[in-house]
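Residue numbers (this note's numbering), protein chains in the order written: chain A, 2 to 351; chain B, 2 to 295.
No lab work stands behind these hints: they were computed from the structure. Fair warning: this is a prediction, and the values are worked out from it, not measured in the lab. Take these hints with a grain of salt, some might be off.
[Claimed, not checked] DSS-like mimics (lysine-lysine), calculated; alpha carbons at most 25 Å apart, straight line: (1) A:K75 / A:K221; (2) A:K106 / A:K239; (3) A:K31 / A:K132; (4) B:K116 / B:K208; (5) A:K29 / A:K75; (6) B:K201 / A:K115; (7) A:K132 / B:K282; (8) B:K252 / B:K74; (9) A:K230 / A:K336; (10) A:K155 / A:K239; (11) A:K6 / A:K221; (12) B:K116 / B:K182; (13) A:K106 / B:K82; (14) B:K182 / A:K132; (15) B:K182 / B:K201; (16) A:K132 / A:K155; (17) B:K252 / A:K75; (18) A:K230 / A:K186; (19) B:K252 / A:K132; (20) A:K31 / A:K106; (21) B:K182 / A:K75; (22) A:K9 / A:K186; (23) A:K239 / A:K336; (24) A:K132 / B:K208.
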Amino acid sequence: MASVKLTKVQKIYDNNVVAVHDFDLDIKDKEFVVFVGPSGCGKSTTLRMIAGLEEISGGTVEIDGEVVNDLQPKDRGIAMVFQNYALYPHMTVYDNIAFSLRLQKVPEDVIYEKVTHAADILGITQYLMRKPRALSGGQRQRVAIGRAMVRDSKVFLMDEPLSNLDAKLRNQMRAEIILLIVIMKDGYIMQVGTPEECFDMPANLFVAEFIGAPKMNIMKTQLLKENGKYFVTPFGAKIEVTGEKGRILAEKNTPAGEIILGVRPEHMVLADANDPSAIPATLEVNEMMGSELHLHVFTEDGTRLIVRVPTIGLSSEERESLVNGKKMAVSFEGKVMHFFNPETEENMLL
Amino acid sequence: MNNKTAEIDRQKRSIGLKASARISNTIIYILLVIISFIWLLPFIFIVLQSFRCEVTGPVGYVTPKVWGLDNYKRLLECNFKTWYLNTFIIALCVAVLQTIIVLCMSYTLSRFRFKMRGGLMRFMLILGMFPGMLTMIILYRVLKDLGLTQANAVPGLILVYVASSGMGYYVSKGFFDTIPKSLDEAARVDGATRAQVLTKIILPLAKPIVIYTILTAFMAPWGDFVFARYIAFGTSSGYNVAVGMFDWLSKDQIGSWYTTFCAGGVIVALPVTILFMCLQKYYVEGVTGGAVKG
């Protein structure tokens, strides 16, 4: 393993489309970094620039302190698993995995050892003599991983490695392996951080909406300041900002005014209509997700909000009363809010 | 009950299908046999003539009265050997060189993006629309100045055939385009150079097209007449078979050389026929594979 450092990396295509803007990223040895973002945001392009498959229009890519901009992919010491696996269809699984070693003129007995070892780990030993077309999607993916494994490379790149695992396995893998995520949009880095950081303190509105499912609820509202305390007033309700968030607002001496307020669906609660912090709303759809309900509601001005309610806290009568069109009230606590500048959409607490 | 009748119905229908398929197949096969017979007739005729020993000129009947190998023996005694060797050298060299050039060209145009790539392809397309015959006069002058005509026609002809072969990239480029680019990229990450990508990934996957390219590259000079006659220009040692044998059909020679001509034709057709029979499977695959997917 090795460190990878990207400094002001840019990708500008011939038609002057800028795919990646001034990309700065420092990946330390043994760090596992994941790029996320909507399709077309430059994830693959960045990956391919690191791999050397795409020319770097500006900036530098360093692997282990050495600038590799002008090195061929084969000289960069990288291994890559492609989105579509890119297995060589005319070769057996064994030959696919052995391909890179044969190019390096590794002796056949060493190749045999390495290939069978990798196949053993990946559980594809019985398929070694098959051609890729006789394998299932998951098996092909394992061959592609095996091909990257035997190279003993410094940097391991994977393009959409989880896309072909089933949803359950995918979530498990995500939870187990992700150490650092890079959230990208339109070729810009939005935020770099651990999943928790990005979830708890999203750098801007985009990250806030991108991370977490269902999406964060977004409300345009006013921030009030009374006697050193901060309040928000979504849809006629008045809720005090408490906890760490309130403290940071006070420390920064944030002026009152227009803000974009974000609250995650799991932080929304059902409220008593008489409570001053209650937002009157009408239930549009009640989505049963098993252990929880996703209540899609709309407020008086038509803003749509999602409330995630654990099924376990509700009696069956309460659950049955949640029919579409029901008038109800929702609210949230003072310590779970996110504040975004309405112009820059940046997080106001950062 | 209902089930049974339905089952019987289905059987009846399937019998009907089978029967109609058999009838249409029979018609098709009869037609094909007739067509191939008509098509084969001249070949059979030539083969029969080549074994005729009683007269050397053209006659009004088909089956020889005296069978023998006299005509073939005569071939060995005349200039035919030189012509045959000339043709073989030319065709072999062109097959090798042209295949290399075409495949490299196709690979480049399929995989590399460079300035004026589109322009170059269009230029070659337009250039290819002019008949090659137009260049004959200037080519002759150039080759004459280089000393590559008449007795030196063999290297001259190789040059002529190979020179423009880069323009025949269409079919193989179309086929290469169907091979996913990510295979190249995977190979390059795996440590292959661009050349190794071509030899280890693209060519094995494009085997039918490689064979198609070799076959066409071999065939064109093997049967060429116009250029070969022009450049050899009356010097027998520079003839290829087509040019050499053509003279045997002239008014004053046909009486004594006609059956030898037929024997020569058989010998000329032999290697191409064998080549085709061996590679036919790939050839068909190649033509359709490139055309449909490209």
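Checked hints:
Proximity of K75 of chain A to K221 of chain A is assessed by CA-CA distance (about 52 Å); at most 25 Å being required, the pair is judged violated. Only pairs whose Cα atoms come within 25 Å are accepted, and K106 of chain A paired with K239 of chain A is rejected, the gap being roughly 72 Å. Distance hint between K31 of chain A and K132 of chain A is unfulfilled; the C-alpha atoms sit about 33 Å from each other, more than 25 Å. Pair hint K116 of chain B plus K208 of chain B does not hold up; C-alpha atoms about 30 Å apart against a cutoff of 25 Å.
As the CA atoms of K29 of chain A and K75 of chain A are separated by approximately 22 Å, the hinted pair is consistent with the 25 Å bound. The straight-line distance between the Cα atoms of K201 of chain B and K115 of chain A is roughly 21 Å, inside the 25 Å bound, and the hint therefore holds. Restraint check: the Cα-Cα separation between K132 of chain A and K282 of chain B comes to about 22 Å, which is no more than 25 Å; the hinted pair holds. Restraint check for K252 of chain B and K74 of chain B: satisfied, since their Cα atoms lie roughly 23 Å apart, inside the 25 Å limit.
Restraint check: the Cα-Cα separation between K230 of chain A and K336 of chain A comes to about 13 Å, which is no more than 25 Å; the hinted pair holds. A C-alpha spacing of about 55 Å is found between K155 of chain A and K239 of chain A, which places the hinted pair above 25 Å, so the restraint is violated. For the given pair, K6 of chain A sits about 39 Å from K221 of chain A by alpha-carbon distance, which is inconsistent with the 25 Å threshold. Straight-line distance between C-alpha atoms of K116 of chain B and K182 of chain B comes to about 20 Å, which keeps the hinted pair within the 25 Å bound.
A hinted pair counts as satisfied when its Cα atoms are at most 25 Å apart, and K106 of chain A with K82 of chain B does not qualify at roughly 47 Å. As the CA atoms of K182 of chain B and K132 of chain A are separated by approximately 19 Å, the hinted pair is consistent with the 25 Å bound. With a C-alpha separation of about 14 Å, the suggested pairing of K182 of chain B with K201 of chain B holds against the 25 Å cut-off. Our distance criterion of 25 Å between C-alpha atoms is broken by K132 of chain A and K155 of chain A, whose separation comes to about 28 Å.
Of the pairs offered as hints, the one joining K252 of chain B and K75 of chain A is violated, with about 68 Å between alpha carbons and a cut-off of 25 Å exceeded. With a C-alpha separation of about 35 Å, the suggested pair K230 of chain A and K186 of chain A falls outside the 25 Å cut-off, and the hint is violated. As the CA atoms of K252 of chain B and K132 of chain A are separated by approximately 63 Å, the hinted pair breaks the 25 Å bound. Between the alpha carbons of K31 of chain A and K106 of chain A the distance comes to roughly 28 Å, so the proposed pair goes past 25 Å and is violated.
Only pairs whose Cα atoms come within 25 Å are accepted, and K182 of chain B paired with K75 of chain A is accepted, the gap being roughly 16 Å. With a C-alpha separation of about 16 Å, the suggested pairing of K9 of chain A with K186 of chain A holds against the 25 Å cut-off. Proximity of K239 of chain A to K336 of chain A is assessed by CA-CA distance (about 14 Å); at most 25 Å being required, the pair is judged to hold. Proximity of K132 of chain A to K208 of chain B is assessed by CA-CA distance (about 17 Å); at most 25 Å being required, the pair is judged to hold.
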